[in-house]
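Student: Position chain B against the provided structure of chain A, taking the given hints into account.
Quick note, the sequences are listed as chains A and B, same order. Using the working numbering, you'd call the opening residue of the first sequence number 3 and step up by one each time. Using the working numbering, you'd call the opening residue of the second sequence number 13 and step up by one each time.
If you're looking for bench data, these hints aren't it; they were derived computationally from the structure. From a predicted model like this one, the values you see are computed outputs, not experimental measurements. It is possible that some hints are incorrect.
To be verified - Here are the simulated lysine-lysine pairs, DSS-like style, with alpha carbons at most 25 Å apart:
hint : chain 1 : residue 1 : chain 2 : residue 2
1    : B       : K236      : A       : K366
2    : A       : K366      : B       : K85
3    : A       : K366      : B       : K282
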Amino acid sequence: MLKTFAKGGVHPPENKISAKSKIKDLQLPETISIPISQHLGTPSKPIVERGEQVVVGQLIAKNEGFVSSNIHSSVSGKIAKIDNVIDSSGYKRKSIVISTEGDEWDKNIDRTDKLITDFSCSSEEIINKVIEAGIVGLGGATFPSHVKLSIPRGKKAEYLIINGVECEPYLTADHALMLEKGEELMVGIQLLKTALKVDKALIGIENNKPDAIKHLSELAQNFKGINVYALKVKYPQGGEKQLIKALLNREVPSGGLPVDVGVVAFNVGTTLAVYEAVQKNKPLFERIVTVTGKSIKHPSNFRVRIGTPVSDLLSAAGGLPENAGKVINGGPMMGKAISDLSVPITKGSSGILILPESESGRRKVRSCIRCAKCVSICPMGLEPYLLMSLSRKNLFDRLESNRILDCIECGSCGYICPSNTELLEYLRSGKATVSQLIRTSKK
Amino acid sequence: MNKLFTVSQSPHIHSDYTIRKLMLGVIIALLPAFVTSLVFYGVGVLIVTSVSIASCIAFEFIIQKLILKTETKISDGSAIVTGLLLAFNLPSNLPIWIIIIGSLVAIGIGKMTFGGLGNNPFNPALVGRVFLLISFPTAMTVFPKASGFNTPYMIPADKMDALTGATPLSLVKECIKSGNSITELLNINNLNYSDMFFGNIGGSFGEIAAFALIVGFLYLLIRKIITWHIPVSVIAGVFLFAGILWIFSEEGHNIINDSLNINMPVIKFKDANQEIKIFHMADPLFHILTGGIMLGAIYMATDYVTSPMIPKGMIIYGAGIGIITVVIRVFGSYPEGISFAILIMNGFVPLINRYIKPERFGEEVKNG
Chain A
3 MLKTFAKGGV HPPENKISAK SKIKDLQLPE TISIPISQHL GTPSKPIVER GEQVVVGQLI
63 AKNEGFVSSN IHSSVSGKIA KIDNVIDSSG YKRKSIVIST EGDEWDKNID RTDKLITDFS
123 CSSEEIINKV IEAGIVGLGG ATFPSHVKLS IPRGKKAEYL IINGVECEPY LTADHALMLE
183 KGEELMVGIQ LLKTALKVDK ALIGIENNKP DAIKHLSELA QNFKGINVYA LKVKYPQGGE
243 KQLIKALLNR EVPSGGLPVD VGVVAFNVGT TLAVYEAVQK NKPLFERIVT VTGKSIKHPS
303 NFRVRIGTPV SDLLSAAGGL PENAGKVING GPMMGKAISD LSVPITKGSS GILILPESES
363 GRRKVRSCIR CAKCVSICPM GLEPYLLMSL SRKNLFDRLE SNRILDCIEC GSCGYICPSN
423 TELLEYLRSG KATVSQLIRT SKK
Chain B
13 MNKLFTVSQS PHIHSDYTIR KLMLGVIIAL LPAFVTSLVF YGVGVLIVTS VSIASCIAFE
73 FIIQKLILKT ETKISDGSAI VTGLLLAFNL PSNLPIWIII IGSLVAIGIG KMTFGGLGNN
133 PFNPALVGRV FLLISFPTAM TVFPKASGFN TPYMIPADKM DALTGATPLS LVKECIKSGN
193 SITELLNINN LNYSDMFFGN IGGSFGEIAA FALIVGFLYL LIRKIITWHI PVSVIAGVFL
253 FAGILWIFSE EGHNIINDSL NINMPVIKFK DANQEIKIFH MADPLFHILT GGIMLGAIYM
313 ATDYVTSPMI PKGMIIYGAG IGIITVVIRV FGSYPEGISF AILIMNGFVP LINRYIKPER
373 FGEEVKNG
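In isolation and in its complexed conformation, chain A is listed as follows (with noise of 0.2 Å):
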């Protein structure tokens, strides 16, 4: 029996037609626009001033307090103007925009494709290079690393988790990784066992990406405490609660953390960032996108530099089709749709999606028919019709104790309803609300 979450989950069509192909480096943009918030928490602070020369890697925007994160310049060139720039959320925000002259790096980089497995650094030393770093959770939640690395007092990680789950439909950019950088990710897994002091670290992957289990499974023989896990295909086993219940069986407390049952949790991708910026010395200024689509002329994995504008991925992968009809920044499930292909790739951009005209426009809304399919895959135990028309009536203290807060948006409840009801719209803004007036009430 292949190991899985236990409470709902659906089981959306896979899609995962770039799978095929290889990490190719994307060519350098023009310009670029470097967003000052692309982390959860508060904003990175511009260093850099208009007209000012930068080379890769250089900071050009500090961390403001501690969950915030570093921000790097990921061309080299000159700051063209320090602006408001639209991007994938639909608003403008403050952004750095550098115009490209060259590919100059900063020294101290390593370039070389040597593997460095130099396991002699401390947990200290190691959470510090991730802060410099700008490291955060390329997942796709863009948490602060150094944060989930700095265990709270009292508590303790017992283990790592590895998320190699990738459950999102099409996209395939952490299976690309898996198999290309499979070394480089046990030495990343090494340093965060040592930063976390934890000698267990688990690698959860869908059984849907065989070949990324056992390169994985080989190379984890290798090393002391590191297991791979096949798990059956379910979404959202992606989320870092479910990926814990699936591997541990544990559930991560109704508002707490993963560390509350003694794990931390790291995507691969992130896992990829922490060796390079400890082995490599190499800030966060680059991922690996995914831009893919069934009319995507080649569905591609693309080595990305941050800032880099979603148009420039998609003449890359063939141009836009002719019948694009939504371009989600994102997987299809949880993804955001963004309405200006200028809209730059961000530390949190997995993949860019295109959906053909006809999947693109809402299906007719009826009112709920109460087949209780809501209720029935929602991972977390909740229940989303309810929800709904708590919500559509404004009704906060109702909405809080049946436990909105809980909320994950996996979407699974939108996806599933045949009725087509606006389900994730409506627990989005009534979740939002609820935690709005929470922290209201505490001030």
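Tutor: Then chain B, alone, in the frame of chain A:
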């Protein structure tokens, strides 16, 4: 100008579930029972079913189009299911005008008054059926004898006695009232379990064949249209509660006495004339195979709109239906009680949904 893209919130893909597909699934699941009824009751089945479906669709269309002046939604298939289920609950010789009244009550009062599909608190088909049962008690309880495909639809008045028959449940009801032995009754009328299982008994034409209804149940389970909770708990509720009562009846007493050598007490009661009567009751297997238990448990109680959302709630609801059905059958004045039982429990659904919550993921942090 750049091309405009659609912008909406996630999820951006959708499963292929639609209301229409779910309704189609229910219709397919009812086909085996329909064919069986056709074999036993002939052309009347066809007439009653088509009239019922056609008038349900027509009433829904008329109400939406002409009275409410809203978008017509008959294409979702729910009116067809209501019409089909209403027909299944009627005798196969019911006059057309009564069927039309039943459809009007089901769609007009049972469904559209509350705002249409999704908003009705009570199962529309059962609202129609119970209305007819109370308004036209004779027409609704005289069933033609199953005489194959050639059973006539209109029965001439002079042949009424020869061509109609009572349901096993109404025969049993007579025994309970008169204090006669049920075992004897079953022998005289040549009623056996295999006839009950395969449908060779009197009754509303859709409810007679337990096996065909169970085949449809398996189909619904495989297609994941319903879960097992409600049907199983209704049937288990009937079986267990009837079983408990049966142990204390003359019939159960005799069998337990013979096989286990335990002397169980038999309930005796005084009737209206102060005469002491012995409590008679049919065995639990008889109770789940006759009347509308299978039809009710699998197709009527599981109506999405009027049943609970959480498995635990579904079991409470199902067990309640089972127990109330037995109470009406044994102590009430009607021989059959499942329609009333489902409607009564429909009334409890909002309460059940309010207090029975699913098992949440992760314990709540205290003093968080």
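Student: None of the hints should be skipped; say for each whether it holds.
Tutor: Cross-check of the supplied hints:
Taking the CA atoms of K236/B and K366/A, the gap is near 23 Å; set against the 25 Å cutoff, the hint holds. Distance hint between K366/A and K85/B is fulfilled; the C-alpha atoms sit about 11 Å from each other, no more than 25 Å. The straight-line distance between the Cα atoms of K366/A and K282/B is roughly 62 Å, outside the 25 Å bound, and the hint therefore fails.
Consistency note: the structure conflicts with earlier hint 3 alone.
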